[in-house]
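As a plain string of letters, each chain reads:
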Amino acid sequence: MAFEGLADRLQNTIKKITGKGKVSEQDVKEMTREIRLALLEADVNFKVVKDLIKRIKERAVGQEVMESLTPGQQVIKVVKEELTELMGGEQSKIAVSDKPPTVIMMVGLQGAGKTTTTGKLANLLRKKYNRSPLLVACDVYRPAAIKQLETLGGQLSMPVFSMGTEANPVDIAKKAIEKAKEDHHDYVLIDTAGRLHVDSDLMQELTDIKELVNPDEIFLVVDAMTGQDAVNVAESFNEQLDVTGVVLTKLDGDTRGGAALSIKAVTGKSIKFAGMGEKLDQLEAFHPERMASRILGMGDVLTLIEKAQANVDEKQAKELQEKMRTATFTFDDFLDQMSQVKKMGPLDDLLAMIPGANKMKGLKNVQFDEKQLAHVEAIIQSMTKKERQDPSIMNASRKKRIAKGSGTNVSQVNRLLKQFEEMKKMMKQMTNMQKGKKGKGFKMPFNPF
Amino acid sequence: MSFFQKLKSKFKQENQEEVSTKYKKGMEKTRKSFSGRINDLIARYRKVDEDFFEELEEVLITADVGVNTVMDLIDELRFEVQRRNIKDTMEVKEVISEKLVEIYYGDDNEEIEALNIQSSGLSVVLVVGVNGVGKTTSIGKLAHQLKAEGKTVMLAAGDTFRAGAIEQLEIWGERAGVEVIKQNEGSDPAAVIFDAIKAAKSRNVDVLLCDTAGRLQNKVNLMNELAKVKRVIEREIPGAPHEVLLVLDATTGQNALNQAKTFSEATDVTGIVLTKLDGTAKGGIVLAIRNEMNIPVKFVGLGEKAEDLQKFDANAFVYGLFADMLEEQAES
Ligand SMILES: Nc1nc2c(ncn2[C@@H]2O[C@H](COP(=O)(O)OP(=O)(O)O)[C@@H](O)[C@H]2O)c(=O)[nH]1
Ligand SMILES: [Mg+2]
Chain Y
1 MAFEGLADRL
11 QNTIKKITGK
21 GKVSEQDVKE
31 MTREIRLALL
41 EADVNFKVVK
51 DLIKRIKERA
61 VGQEVMESLT
71 PGQQVIKVVK
81 EELTELMGGE
91 QSKIAVSDKP
101 PTVIMMVGLQ
111 GAGKTTTTGK
121 LANLLRKKYN
131 RSPLLVACDV
141 YRPAAIKQLE
151 TLGGQLSMPV
161 FSMGTEANPV
171 DIAKKAIEKA
181 KEDHHDYVLI
191 DTAGRLHVDS
201 DLMQELTDIK
211 ELVNPDEIFL
221 VVDAMTGQDA
231 VNVAESFNEQ
241 LDVTGVVLTK
251 LDGDTRGGAA
261 LSIKAVTGKS
271 IKFAGMGEKL
281 DQLEAFHPER
291 MASRILGMGD
301 VLTLIEKAQA
311 NVDEKQAKEL
321 QEKMRTATFT
331 FDDFLDQMSQ
341 VKKMGPLDDL
351 LAMIPGANKM
361 KGLKNVQFDE
371 KQLAHVEAII
381 QSMTKKERQD
391 PSIMNASRKK
401 RIAKGSGTNV
411 SQVNRLLKQF
421 EEMKKMMKQM
431 TNMQKGKKGK
441 GFKMPFNPF
Chain Z
1 MSFFQKLKSK
11 FKQENQEEVS
21 TKYKKGMEKT
31 RKSFSGRIND
41 LIARYRKVDE
51 DFFEELEEVL
61 ITADVGVNTV
71 MDLIDELRFE
81 VQRRNIKDTM
91 EVKEVISEKL
101 VEIYYGDDNE
111 EIEALNIQSS
121 GLSVVLVVGV
131 NGVGKTTSIG
141 KLAHQLKAEG
151 KTVMLAAGDT
161 FRAGAIEQLE
171 IWGERAGVEV
181 IKQNEGSDPA
191 AVIFDAIKAA
201 KSRNVDVLLC
211 DTAGRLQNKV
221 NLMNELAKVK
231 RVIEREIPGA
241 PHEVLLVLDA
251 TTGQNALNQA
261 KTFSEATDVT
271 GIVLTKLDGT
281 AKGGIVLAIR
291 NEMNIPVKFV
301 GLGEKAEDLQ
311 KFDANAFVYG
321 LFADMLEEQA
331 ES
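In order, the protein sequence lines correspond to chains Y and Z. FYI, the UniProt record's numbering numbers position 262 of the first sequence as 262, with every residue one higher than the one before it. FYI, the UniProt record's numbering numbers position 135 of the second sequence as 135, with every residue one higher than the one before it.
It should be emphasised that the hints constitute simulated quantities derived from the structure, not laboratory data. Fair warning: this is a prediction, and the values are worked out from it, not measured in the lab. Please note: incorrect hints may appear among the correct ones.
[What the hints assert, rightly or not] Derived DSS-like pairs: lysine-lysine, alpha-carbon spacing no greater than 30 Å straight-line: (1) Z:Lys-228 x Y:Lys-147; (2) Z:Lys-228 x Y:Lys-50; (3) Z:Lys-228 x Z:Lys-201; (4) Y:Lys-54 x Y:Lys-99; (5) Z:Lys-99 x Z:Lys-261; (6) Y:Lys-47 x Z:Lys-99; (7) Y:Lys-93 x Y:Lys-29; (8) Y:Lys-50 x Z:Lys-305; (9) Y:Lys-147 x Z:Lys-93; (10) Y:Lys-47 x Z:Lys-228; (11) Y:Lys-175 x Z:Lys-305; (12) Y:Lys-174 x Z:Lys-47; (13) Z:Lys-201 x Y:Lys-54; (14) Z:Lys-305 x Y:Lys-147; (15) Z:Lys-47 x Y:Lys-50; (16) Z:Lys-47 x Y:Lys-47; (17) Y:Lys-400 x Y:Lys-418; (18) Z:Lys-198 x Y:Lys-29; (19) Z:Lys-228 x Y:Lys-279; (20) Z:Lys-93 x Y:Lys-279; (21) Y:Lys-93 x Y:Lys-179; (22) Z:Lys-198 x Y:Lys-47; (23) Z:Lys-198 x Y:Lys-50; (24) Y:Lys-147 x Z:Lys-261; (25) Z:Lys-198 x Z:Lys-151; (26) Z:Lys-261 x Y:Lys-47; (27) Y:Lys-77 x Y:Lys-99.
Work the whole structure out from these sequences, hints included.
Take a look at the structure:
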């Protein structure tokens, strides 16, 4: 299969090495072959892969086999470090000009997501930095592109500057800046038409706009699904315009996104933001380390945890932990947790971040799971307050009543009760174990059942 | 007759000069890098050896052909080279393009590339794909083409989600001089398509082209929505949709395979429109898709204008990739 994660692919190679005291050159050769294939399948640029494999070989040969990690794990660790390094640190700062307005220009290929990203960036600037941006419609070519930006402006209640499709984009940009000064906007976001990097006339138009408005940022918008051509595109745009950063879009898809890595490696320009959905608040800071995991097919546990953190209130989490420790966790707490998990987003999105989840049998059909969840909820809701607090009072007639009330059957009720008891036991063990260790004190607030 | 000669004569015979010129021009950028690299490779290696194959593997992978398909291809080439006892790299060139065309067609013939339009009654074409690949533009171009062929065409504005999408389709409708059926932004796409079918029937339209909102294939709810749209079409007209076209952006990498698989599961895709081949991307992914799945490419997009849609022709596609070499050969 084409899209197996690196971790899976390495299993076989690893088996051969386990038990050896040292990683030999031959071992490394076999492993780097697998790594090479995995990276290529993730659309990492060919040249970048070549360099990377060379460095990995140098670092991996002769590694002592550490107790805590298998040789395979060690090599993956090296690969991940190298990938993260290549993508650079996290950089999601946006320039601020001392002479407002700050001007940002959005450029990229057709269909990359420039217009949507322009809207998202405006939203972010206002929400996070309390700024007042003016949106500028310079795409006079694509049918209804201006209308698209105007609609987004409408959704955000933000002004959009446009001069129709007959005007020259360079003039539009110039007039827009004058207008922004007049109306005291501190940011100007210029949406330009998508164009091919090899279309010299249209590329010249971007240079003309740049020279005229002297932007503080030029963001190259790149579709995360781009293949081997990503570097050619990024190199051309960068050579012509000296872009200041990259925004990667459509990362909410299931692409491995190797293009991300290649762009940074080839142009030296950092990826600053990532588009994570079609809604206007779905623009996030880009995290190189998570991207590295994803390229390797190792899931995105960090994002999952962060999502949990953002949606769970700290105090509640502490209380919950105490309950877990003392095993006084009740069905009411369970319901609470379920609603918190739901707040984190659709279950299928969350599952996609768990390494290997896509391969777990029961998780394959996500809709089935959502239904299952609804059943669990219905069963708990059909319990009396007393039953929720103390499930030990449960007897046959109570169970029958609950099954009837929730539209399920007694065996489903039984299963939940059993799972709940096991979970309580496990929680107690886990929390007591973790108490010994220090750390941020954050525990996953829910239990995937 | 050598394979290259066959390819060339095919264009002469069938009066396809025009087609091949369009491919040549549209794929100029694509071709330069691809055939340039193969030529360079062949110039540097006199002998066909392991290193040669390794570099060839590189050239193909940079064309987005995809690891699995490249491995298959290289294996077959190795076999052919041995069988025909080829030593000179010049001769390999032909075998390469021959194999590319072979992978492409498999056991099928060239008819698979024709659009399935009924000779009488309404034909419905559903157009699907991820965001920004060129669905709406391709519909505009297709409307233009079908109308030029004397068909009556109608468009359905099934993208009720993206800002400005309805207006975009309306502009294409105006350009082609065909009617567009729409509802408000945010309305149910299945309802729009339902309306459009009713309208198309009552006005005796030949072809109804249905636009849909772009969606990433891993969004289960959105894929279900698409399946529902298809069911509505099936219910209204037996045998419809006559075509479900998946639009793929030629710059897309290996994810295009996921797109092809998942969209097929939801809507039984019958053909692919490969867009933006006028850039430098090589669109090698269509080979991978053909190698792993049974979906033919029906059209390629070679620009943003109404005329910039070509019927796909694997021979012409490969011809496009190798045009420089063919000319060279003819001269020498
Ligand atoms: N250069 C080039 N651009 C194209 C081609 N097809 C579509 N586009 C452009 O790609 C962008 C997205 O197209 P659109 O039809 O809106 O995509 P949709 O979201 O799939 O409907 C637009 O700017 C189109 O002009 C093509 O074959 N070549
Ligand atoms: Mg569209």
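Hints violated by the structure (numbers, ascending): When the structure is compared with the hints, numbers 2, 4, 7, 8, 9, 10, 12, 13, 18, 20, 22, 23, 24, 27 turn out to be violated.
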